[in-house]
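Student: Quick note, the sequences are listed as chains P and L, same order. So in our numbering, the last one in the first sequence is 784, and the numbering has no gaps at all. So in our numbering, the last one in the second sequence is 1019, and the numbering has no gaps at all.
Do not rely on the hints blindly, as some may be mistaken.
As the list claims (entries may be wrong) - Calculated from the model, a selection of chain L residues having no Cβ within reach of chain P, i.e. all distances over 12 Å: (1) 817; (2) 860; (3) 863; (4) 915; (5) 916; (6) 917; (7) 1010.
To be verified - Straight line, CA to CA, 25 Å or less: simulated DSS-like cross-link-like pairs of lysine-lysine: (8) L/806 to P/409; (9) P/606 to P/647; (10) P/255 to P/421; (11) P/601 to P/665; (12) P/409 to L/871; (13) L/878 to L/812; (14) L/813 to P/289; (15) L/910 to L/923; (16) L/923 to P/631; (17) L/1006 to P/631; (18) L/951 to P/421; (19) P/469 to P/483; (20) L/1006 to P/443; (21) P/289 to L/812.
If you are wondering where the hints come from, they were derived from the structure by calculation, not from laboratory data. What you are looking at is a predicted structure, and each value in this text was computed from that prediction instead of being measured. Using N, Cα and C, we set each Cβ at its ideal position, and we do this for glycine too.
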Amino acid sequence: MEVPRRPQPSFMLALPKPASSMSAMGAVEKVTKKGPMKEKLERTDDQVGQGKRNSEEETFESGVSVFVEASADSSELVDTSTARTNSRLPSQDSFSEESSISEERLAEEAKEAKKKSEEEAAAAKERAAQRQLLAIEELVQSERNYLRMLQLSTVTIRSNLQKLQPPLANLDSMFLYIEEVIDVSGRLLSLLDQKQVKPGDPHFLETLCNSFLSLSSDIEAAYKEYLANYNQVTVIENGYKQKEALWNEIVKVIKASAPEVNATSLSFFLVMPVQRIARYPLLLQTIQKHTDPTHPAYPLLEQTAHTSIALNCRINEYKRFREVADKYKKTETLTIKDKINRLNSHSIAKKTARFSQHFKHETGIAAKLVDEEFDALEGFFYVLENGILELLENVETYLNHLQAFLACKTEEFDFDMDGEKAPICYKEITTALRQWILPTFEKRMRTLIHKPLCALRDLLVGPRNLIRKRLDKLLDYELIEAKSNLSYEEQAVANTYRTMNTLLLNELPQFNGLALQMIWSMLGTFSCLHKDLASDMEQLFQSFAQQLPHSSVHPAAFWEWAESAVLEGARRLQTLCQSVQDSLNSPVVQPLSPSSQRRLKQLTDKHGSGKIYQVMTTVVGSRDLDLNLVKGELVAIISEADTRGDKRRWLVDAGGRRGYVPNSKLIRYHQPAEDPPPSPHLTLPEGMSGVRRHSYTPQSQPLTITRQPCFQVLAAYDFTARGNHEVSVRAGEPVRVLEPHDKRGNPEWSLVEAGDGQRGYVPSNYLAMMPTGTGPSSSYYPYC
Amino acid sequence: MALSTSLVFYFCCGQLEDQTKKLHKDMKKSTEADLAMSKAAVKISADLLSNPLCEQDQAFLESMTALDTAMRRMDAFNQEKVNQIQKTVIDPLKKYSGVFPSLNMAVKRREQALQDYKRLQSKVEKYEEKEKTGPVMVKLHQAREELRPVKEDFEAKNKQLLDEMPKFYHSRIDYFQPSFEALIRAQVVYFTEMYKIFSELTDQIDQAGLTDEQRERETEAKLSELRALSIVADD
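If we strip away everything but chain P, and leave its shape as in the complex, we get (with noise of 0.2 Å):
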């Protein structure tokens, strides 16, 4: 049955404006619309006012954007009241942010984000509507789809058919039971039609569950016979495949009547109610995920879909019982019977006598002959008991396990795909595996083999106790059996042990057998269990074989073809991860206003270029000695830890000031120059303007890369090489230093050698070090 592919949502905004300029175009719009509206900002109620014009301004595609729009509103309206008590700060560094956070703007952003979060549930609640609504016109078209498909089988191509010659033997069997399931599924979805109820409407879902409902003996009553006499149909097909040429001449007509469908064989079609019948469960809990628990008709759409699952559960078992009966209802072998039969008490007392007469010649010890016998069968009970208890043991262990294995959902996930085949297959195999075939498994062996079991072992304790007292007894009689005159007593002693004796004797080799022979059916009971565990799960493969791609391809091939596919994803991913990086984490370079200017000569003349950081975020000091510094300060290193040797309180020097820092927040800062020097070779480039300062200094020791550097050269930035003598690079790229100068010394450029092996010049101070202490996945300067 085709799965057919999801219809593109039209909640999903469709993807980004070609033209890239629009994007930012749009953000710039964003952004400057604020401007005259700025003056109503005065008044914190008007933010949430404006927030509403700003949405109903733009024009949407769906309803769902208008909320997400809002919500991406409500966050800027939030960023906009910083930006508005910032300008009203006296400050004169550039930089600074406001570092009290007013009671007033607590509350608004309180109010803010739970509009947010109601915005973003309500366009959720949209998705869901839109994704229930799909799944229920999914079931309902999937339906009608089914039964053309049927209605072809069985008319168009079952009569072209049959004018083949020689007629083909067996043909009417294929198709016995098929036309009470079409019939069932015509009425099905004529009740749909009668109640002139459509998809979209509220009462549809109610209509729908109480057609299934309604109709869902007279589905059980069709498929479990279909089902029951599948084997049949490939049986009968496989026939026609012996011979080539006549399969050939099968192929031809089904393709002729039905060019459109792209099928090859008769069980493409007659296979679909198998399948059919097993996506019902899964179909209906798709509509009921994505329904509210509050909808009217839920309670009814849960009851379906459990009836479905129960449907499922039931014509598997009539299957069961019919391939019994019917298999082997002439042909009845007795064998195992026979020689589970064979162990009875009769054979155990046999074989326990056998023992013990050898003792009987080996000793001559004609008195114990009794002992011996007894010993034979207590030992025999002990193993029995041990045996039973261990057994019991290990099948709960099993059943706990199976359990486990039934609670993991892993046909519950999500990942928006539904219109794709091999998610959605694996969902219905997982599905049927865990919601009744699994669980059929499950409750055959705790009626079968576990309850039985612990009849038994329950039984043990009887025989176990009579045993124990037949020693004690045995104990006392002993003491007196020597003796010629017995007191009455005594003689009640010697009588009450021979009759235990006697008992258990007699009784034990029973009891043993019989246990024994229960075990053993256990066993095979065991065996047949897995045996119709698969046979269900290979009825459900078969619907789906023809439908994944690869199914026809050979294992070994299919392996190999899954495994490099699966290495393909991971490269792609790896790109992707590594060109978000490259390029989101190429640092902003900032003018400095005067003061940092200032700042920044002063500190380099005091500690050198090499030591200078900049603050990343606003620092709020916590501790005795920590720094309050701003966003975009300056600051010289001056040592990277502290007096406790903490590597991650560095100590600096902000002008003046001195405290710690957490080194997180701190980014060394080097700025490129505006333009990179002539080409090397030259002499030194006139009017470089500005402040410049070497991140990589060339009069520093060249690396030499031995067994562990700690350091790491890259490209701080991306260079396009101008000419030969020149490579390019990118940001981030770790490069080999090869001369940390041109040809003529100049410190300026240096000589490297570039991942792709290519040597050349990049400007020196394009280049950055980094501890190697962080990993190359990550990023490149030390970021929290």
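Chain L: place on chain P using the hints.
Tutor: Then chain L, alone, in the frame of chain P:
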């Protein structure tokens, strides 16, 4: 509009992140339980086989040997199945989940860039509205200079995100296709083997042609016989 698109995808990617994590966790637990079940089945047969009970009867011994062999073979197939699933499903799931932190960080960075942009933009506007004195003009120029790189940075980040996120979201389809096919195929192989092995075994050690009701009746009959014995306590 551009912002809302990326947020829609962020919204969906958020759900995708949760779902991939969940499926990864569920698959791991499921395969663990699967392996444990198989091992438990082997223990059932192994313990029985090593029990002296088997020495009592040759036919019983043969049955237990056959059962044990079958269980071990199934366990081997199960292990193979799990190995294949580990390679083609569980590991890819984990790798896919591992991408989200980077994406989330990228969204955060873009958000930070946006905030910087807006802050500086409003600063520029503030100066633009002021009376055009000398110092104001200087400040205005400075502010504009500050704004420029920040604006460019935001636009670059924004574009990047708008390019990459839809692509990433869409890529899930192709990425997971082999995983789902592999999951199905691995199970097909496993259950096909199971059917073969246990059909054969059932023919050998089970009474043929019994329905569940018949089995239950036979078991109950034996239990009754046992209970009828005097040596069995009858409370």
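Student: For every hint, state whether the structure bears it out.
Tutor: Structure-based check of all given hints:
1. 817: The assertion about residue 817 of chain L is violated, with a minimum of 4 Å to chain P.
2. 860: Residue 860 of chain L is indeed farther than 12 Å from all Cβ atoms of chain P, at 15 Å.
3. 863: 15 Å, holds
4. 915: 16 Å, holds
5. 916: Non-interface label on residue 916 of chain L holds, nearest chain P Cβ at 18 Å vs cutoff 12 Å.
6. 917: 16 Å, holds
7. 1010: 5 Å, violated
8. L/806 to P/409: 10 Å, holds
9. P/606 to P/647: 23 Å, holds
10. P/255 to P/421: 23 Å, holds
11. P/601 to P/665: 22 Å, holds
12. P/409 to L/871: Holds - the C-alpha atoms of residue 871 of chain L and residue 409 of chain P are around 20 Å apart, at most 25 Å.
13. L/878 to L/812: 10 Å, holds
14. L/813 to P/289: 23 Å, holds
15. L/910 to L/923: 10 Å, holds
16. L/923 to P/631: 20 Å, holds
17. L/1006 to P/631: 85 Å, violated
18. L/951 to P/421: 21 Å, holds
19. P/469 to P/483: 23 Å, holds
20. L/1006 to P/443: With a Cα-Cα distance of about 21 Å, the restraint between residue 1006 of chain L and residue 443 of chain P holds, given a limit of 25 Å.
21. P/289 to L/812: Holds: residue 289 of chain P and residue 812 of chain L sit about 24 Å apart, inside 25 Å.
When the structure is compared with the earlier hints, violations turn up for hints 1, 7, 17 and for no others.
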